[in-house]
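Participant: Protein chains in written order, with the working numbering: chain A, 12 to 303; chain B, 12 to 303; chain C, 12 to 303; chain D, 12 to 303.
If you are wondering where the hints come from, they were derived from the structure by calculation, not from laboratory data.
Any given hint could be a false lead.
No copy is singled out in the list; a pair is fine if it fits within one copy or between any two copies.
Heads up, simulated DSSO-like pairs for lysine-lysine below, C-alpha to C-alpha not over 30 Å straight-line [unchecked claim]:
1) Lys-110 with Lys-290
2) Lys-160 with Lys-248
3) Lys-251 with Lys-58
4) Lys-160 with Lys-110
If you want the building blocks of each chain, they are given just below.
Number of protein chains: 4
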Amino acid sequence: MKILGGSNSYYIAKQLSDLLNIKYIPVETRKFPDGEIYVRIDGEVSKEDIIVVQSLAKHPNDSLVELIFICRTLKELNASRIYAFIPYFAYARQDTRFKQGEAVSLDIVANLLEWSGIDEIITIDFHLHRRKPEEIFKIPIHNLSAMRKLSEYILKNYRFSNLILVGPDEESEQWVKTFAKYFDTPYIILEKTRLGDENVIIKSEEELHEANEAIVIDDIVSTGGTLRETAIFLRNKGIKKLYAVVTHALLAPASEYNLSYYNEIISTDSIVNPYAKVKVAEIFTDFIRRRL
Amino acid sequence: MKILGGSNSYYIAKQLSDLLNIKYIPVETRKFPDGEIYVRIDGEVSKEDIIVVQSLAKHPNDSLVELIFICRTLKELNASRIYAFIPYFAYARQDTRFKQGEAVSLDIVANLLEWSGIDEIITIDFHLHRRKPEEIFKIPIHNLSAMRKLSEYILKNYRFSNLILVGPDEESEQWVKTFAKYFDTPYIILEKTRLGDENVIIKSEEELHEANEAIVIDDIVSTGGTLRETAIFLRNKGIKKLYAVVTHALLAPASEYNLSYYNEIISTDSIVNPYAKVKVAEIFTDFIRRRL
Amino acid sequence: MKILGGSNSYYIAKQLSDLLNIKYIPVETRKFPDGEIYVRIDGEVSKEDIIVVQSLAKHPNDSLVELIFICRTLKELNASRIYAFIPYFAYARQDTRFKQGEAVSLDIVANLLEWSGIDEIITIDFHLHRRKPEEIFKIPIHNLSAMRKLSEYILKNYRFSNLILVGPDEESEQWVKTFAKYFDTPYIILEKTRLGDENVIIKSEEELHEANEAIVIDDIVSTGGTLRETAIFLRNKGIKKLYAVVTHALLAPASEYNLSYYNEIISTDSIVNPYAKVKVAEIFTDFIRRRL
Amino acid sequence: MKILGGSNSYYIAKQLSDLLNIKYIPVETRKFPDGEIYVRIDGEVSKEDIIVVQSLAKHPNDSLVELIFICRTLKELNASRIYAFIPYFAYARQDTRFKQGEAVSLDIVANLLEWSGIDEIITIDFHLHRRKPEEIFKIPIHNLSAMRKLSEYILKNYRFSNLILVGPDEESEQWVKTFAKYFDTPYIILEKTRLGDENVIIKSEEELHEANEAIVIDDIVSTGGTLRETAIFLRNKGIKKLYAVVTHALLAPASEYNLSYYNEIISTDSIVNPYAKVKVAEIFTDFIRRRL
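So here's chain A without its partners, still in its complex pose (with noise of 0.2 Å):
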């Protein structure tokens, strides 16, 4: 078993070869002046199980090209069996034709991923709500969840008076219910309602407990418009402290200050960020210590 990474994840592949005691196989990548990318996998493959560690984020079709070149190229090399450990896994929102004529991407990028070669498929918290993993792909997946490590690092790092523990929306109640497993803590679910790319309303029917402080937990924050009406939600309802806690932090750009209404955000690794207090690279390694 080797193991390495693209150009998103060298950083998680090389975490993960000194936590697995597995060799380290550099990759080189470039991008030329053209846009076109460039791929060399840099040591023997040959009859060899091999991990590959990619994000599809930031740039997702560069990054989902260049898993598909290193995969192609892995099984021309002879390589053996291919996981893919893709900690976070873009484009999980279009998993239906909601209009005439749409493509399915979240359909077709799986089966590309089916034929580059990959045999399993690992990754972490993945956005979906309407359809299982297992009715998407053919191969096997694995979905992990950072809820646990994330719940760990809170109760090792703060402390609280009165705490609640929140989901702005009903996609994201699977997440805060692994969550609040290790809190003494109840959980409420508010209610979204969507007005266009960016603009949401925050309600809900329940009565708030009086409450301190509240965690926010959901999957992804990309523009972050969701947990700032969140913030102004609980906000307004006298909540003084509060924490979002994300798996996935995308960071799109005008984030950044709709989490100024948060003290303090928590995040894993999955995505370079400055709010990673998670390893992905630990989750993924209990995951394989399990299985042997």
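Keeping the supplied structure of chain A fixed, place chains B, C and D upon it in accordance with the hints.
Facilitator: Below, chains B, C and D alone, put in the same frame as chain A:
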């Protein structure tokens, strides 16, 4: 038969719709703040033959993924035969494994396009010199040339007293030869030695004819390094007026300075650029008419 | 007098050098892997009046910093008077403080350009409707219009049976009025209500004349949302053929789909785009000749 | 005194607000589809001294224009003194005119920042070796160093048997010397010859001490070409474990492959990167406390 275009080549698709008198179907394309793209085909395609137009230029991975999304969706919507007109075909340089472990990008991209459901490919002045298109693709591929239209444009719009046609290197001979057919003028091929990604040396063993004007012909201008060195070489030989003729004006940063050694640049509109004098839609139309 | 162009507008500078018969000085521009830019003026400028051409389009901050680097360096190299020809002037929308704390970008950019050493600015169809250019700049500024050349192009190349000229909103009236002078045709101005960055509603109090064709006139097309809604409104009124005439074709992503509601788009080459029919170099040349 | 941060450095501003116990003012920043940026200062600044934090990294021109927009607006809103904390200062390489006609970018950027209303600049490990900061700026400038905190991090977290400290070239000596103060270990400075933008040769006249581990120290890693050649040189001398310590991890494409020659990379968070172990907010806080 209907026609549609990706975000790089709408204008070509629309011209073709007029020239060939076939229905144009708009494609809605967007880019989300996180870099993901959205594709929607806004018209009936079931049981129709479809021409899809998309140059793989500027951001080749975005363009490629968009083309794949379009073609896979066309197939899901029961389109019949898909003809992909790809005026500029990217990734042609990496047509072999120069160093151990390299991705042979061209083969992977070719296979990807076949996998996406394309039945036939039409392209223009494909940058191949070691291999033939038929060796790379399993589906039919038609490699048209802009050289005739480019030469017609020059013959119609310029007068020369003592002209020479020049190819900057061995690879360019195929284009120079085609271009020269329409001229009553000799041509020479120079010798290029590459010293890295951007630096080249140009020389010639042949005695240069005493000429006042030179037209330098190539398929692609990317950084323009080769064209600049060729211009310096020709200026040193006493040639006064220099014209550059290229099919594909990629114009990477720095290229404009390198092209300032030329009096004029003449190109096609395979990629949006300020030197477009020949419409690739007309070249494609001629091909379709010959075929019917 | 000599002329040079920044990386957005080399081709315009070169055309002007021919049209005005003044010497062209190449500018070497590059972008390093870390995103920094490099500028070198490759010719004698001491004691010369200089025309600098640079549109502030596509990547407005890169274009602006490059223009500042060029002008400051010209002054250090003892150039005399600097005339900046800025075919497309960015940041014109933010000409006031709509909300407390906002940067009034237009004023800051104007002051920056003055500070950079520019003595006089010439631009085309400056997107201003609340303020006059002279209120913003302390240096002389000349706001030329492409509307005459655009109307001449239309009159020469198209025939209409029953035409109406249309401005999509109040702001466009200044351009429609100028354009309409050369036509023997009525014009109407529609009413636009903005519902966010991209969504607008178009309506009209006036009775629409029964027309077969409409030319919609505006200064800029960015996302094309306004033009799309205008087209839908006009189609609903029974108009068959739609033409869009815009000076500046910014063509942000998604614009091409929105423009697909039009039969044809006619624009200038102030920004590189596939619909350029009118050369801004000719508009500038007319201005210079009138002035001499 | 209040603090705010530009879009590159929000997280640093927020840490400083906690460390120094001064009020944090959010700045709303956005990028429009046409590439223009928007800036709004969301809080009272009149008659207040303000610390503005912004690294000029990743997209240096966007970052620079944003910083100018912020500072000019602060002055318009009657802020008192502006302290700009610029953890990473771009454009330091072009500190002189190497070739006739070049823009001396550093001087222009320095003058721009003075013009924008900044009263005092604080930066970290400014990449200067030919000139002193005081020769470039008319306003006070404080050049702090991360080398002490970086050495403390290393001393606390690693054990070495036979260590050598290495500077890859003459320019690096100032950083290596500072770093070495905290170690009881010799250091050597290698000799670098540059062969173009990306290629360098590393050698040494000195006899290398027999060492098992080497820490290579530099201020910036951009493409990583220098660090790679240094690693190859050191591996050839028999050194087993290699550590790279750099203040500013710019990490241009291709850098990650070049860094794969190292066992570990240790950096600061002056730019968001996966190797950040030292917080620049703490370095700045120490400076402020010494000063009060």
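Participant: What label fits Lys-251 with Lys-58 when the C-alpha limit is 30 Å: within, between, both, or neither?
Facilitator: between (58 Å within a copy, 28 Å between copies)
Participant: What label fits Lys-110 with Lys-290 when the C-alpha limit is 30 Å: within, between, both, or neither?
Facilitator: Neither: 38 Å inside a copy, 34 Å across copies.
Participant: Measure nothing new, just compare the shortest in-copy and cross-copy C-alpha distances for Lys-160 and Lys-110 to 30 Å and report within, between, both or neither.
Facilitator: neither (38 Å within a copy, 42 Å between copies)
Participant: Which holds for Lys-160 with Lys-248 at a C-alpha limit of 30 Å: within a copy, between copies, both or neither?
Facilitator: within (29 Å within a copy, 42 Å between copies)
Checked against the numbered hints above, the structure violates hints 1 and 4; every other hint is satisfied.
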